[in-house]
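If you read the sequences in order, they're chains A and B.
Going by this note's numbering, the first sequence opens with residue 3, and the numbers climb by one from there.
Going by this note's numbering, the second sequence opens with residue 13, and the numbers climb by one from there.
FYI, nobody ran anything at the bench for these hints, they're computed from the structure.
Note that the coordinates shown come from a computational prediction; the quantities given were computed from them, not determined experimentally.
Ideal placement from N, C-alpha and C gives every residue a C-beta, glycine not left out.
Where hints are given, some of them may not hold.
Which stretches of chain A does chain B cover? Using the computed rule of at least three CB atoms under 8 Å from a CB of chain B, they are [stated by the list, open to error]:
| hint | region |
| --- | --- |
| 1 | 67 to 74 |
| 2 | 88 to 102 |
| 3 | 106 to 113 |
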Amino acid sequence: MSANYAPLDNRAVHSQVIKLKTEKVNLYYGNFQALRNISLDISKQSITAIIGPSGCGKSSFLRLFNRMNDLIVGARVNGAVAIDDINIYGQDIDVVELRKRVGMVFQKPNPFPMSIFDNVAFGPRRHGRTKRGELEGIVERSLHQAALWDEVKDKLGESALALSGGQQQRLCIARVLAVEPEVILMDEPCSALDPIATLKIEDLMRSLSDDYTIVIVTHNMQQAARVSDMAAFLMMERDRAGILVEYGPTSQLFTNPKDKRTEDYITGRFG
Amino acid sequence: MSVQTIARRELTQRTAFGLLVLATAIVAIPVLFLIIYIVVNGAGAISWEFLTQPPSQAGKAGGIFPAIVGTFYLMLGTLILSLPVGVLAGIYLTEYARDNWLTRLINMAILNLAGVPSIVYGLFGLGLFVMAMHFGMSLLSASLTLACQALAMTITTSREAIIAVPREYREGSLAIGATKWQTIRHVVLPQALPGIITGTVLAMSRAAGETAPILVVGAAFILPGLPSSPFDQFMALPYHLYTAAAHVPGMPKANIWGIALVLLVVVLSFNSLAVFIRVRVRRRRFGS
């Protein structure tokens, strides 16, 4: 392997529990290999940023953890991806159950074309919680957690599509929080937002990391530096397969990268 | 830029604009003329009696009430028989069927079904429903025949409406642990509904106007009363119009135009209903 990180340093922050783990993961789309031999550990209640140039497989890597790659015809995974040490690509894994535990926020805010209330209540309702009073509690709590409650509490019945982009994205976060996940995956959640909305989401991520394990893919290196505890740098090999070049504490990766390629990337020499 | 060039561009601009207006007029004027002509000639025949009485003297007197009701029954029967199957098939073909040669063959067959001449559907209905299945010349046979014809359109529009639902919505739903069916039921279908309704109603109003297929599977020119069961024969506006215009000597012209006017009103009001439902669904969806 060309990645020459030191395996011991990889194993995250010592005192913490490992929440997510990939071990020698390869991902293929048909004949095309999208990810090659990626191993890393992500500790509980931390924020891990995945950075790297376009097309290096950051999003594909993120989508390993909730098996969203399954939706793509011809996608194949080998190696292990584990949550709490249970391989989620194992035989008796219920993908629907998995996705309740591992929520996802997308690049483009994607609230459903229904009311704000119905958006947040969508997940709980699908999971069989239909009592109005109970749902009201869940919706209020989730919107509070997503720092959106004060802005929308008087218009829960109005269309979610009338909200601003930043509000829509926080609504999508609330929608994920409503199903009480353990892990939240964020795929460039701020790339469609203005700087102020971006800062709000970043603040929110920091406060959520007290309770949740967050993995964020971002193009924005300042964002990765501002918000994450750990950072992983992915890039493409000659055959366009993504590899993990370096993984370590964010402060170290950005100020004192071990790999020349990481240094070149974060100093803006390519990518 | 010289003055001449500017003048020439201005001229080109005006010519293009003129052509566009002309083309639109060529389309719109005959339609307007047709509607006005039918209204002017047919309005005289419309009376309370014409709309509420059965025909007498081979349609030369009396009204067309059974034909109006028959057409509504026919549309209702076609709707009930084709909509659920069409939507479910559309869901299956877009969401579940694997993309292989069989699916592609089925899709191609459905597209081609829409192009089959309607009299062929009539003969098919005669062979299958009237004779082989012993439903006889009846409302049921006619509804089934028209449903077969409408299916091509219902499936195609359902598929298109379902495909048009953005992938982001499906992913958003699946990503919070909704099952595939829940995603279809609560996210995809509500989004696709206006498109499905539009397609269905257009298929229905087309069915309402069909003459050839029902000719051979159960439409009657004159019946004294309304059909009392799906196994009865029935009157229908287009067939009544055809027979009145072509086969009844001494038929008052006003009556013929009167029937045409009623048929037109039925079809157009169904189309308006479609627009109305669509607007309401959309408004509710965007939650105001």
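Hints versus structure:
1. 67 to 74: It holds, with 3 qualifying residues against the three required.
2. 88 to 102: holds (count 5)
3. 106 to 113: Per the Cβ count (5), the hint holds.
Violated hints: none; the structure is consistent with every hint.
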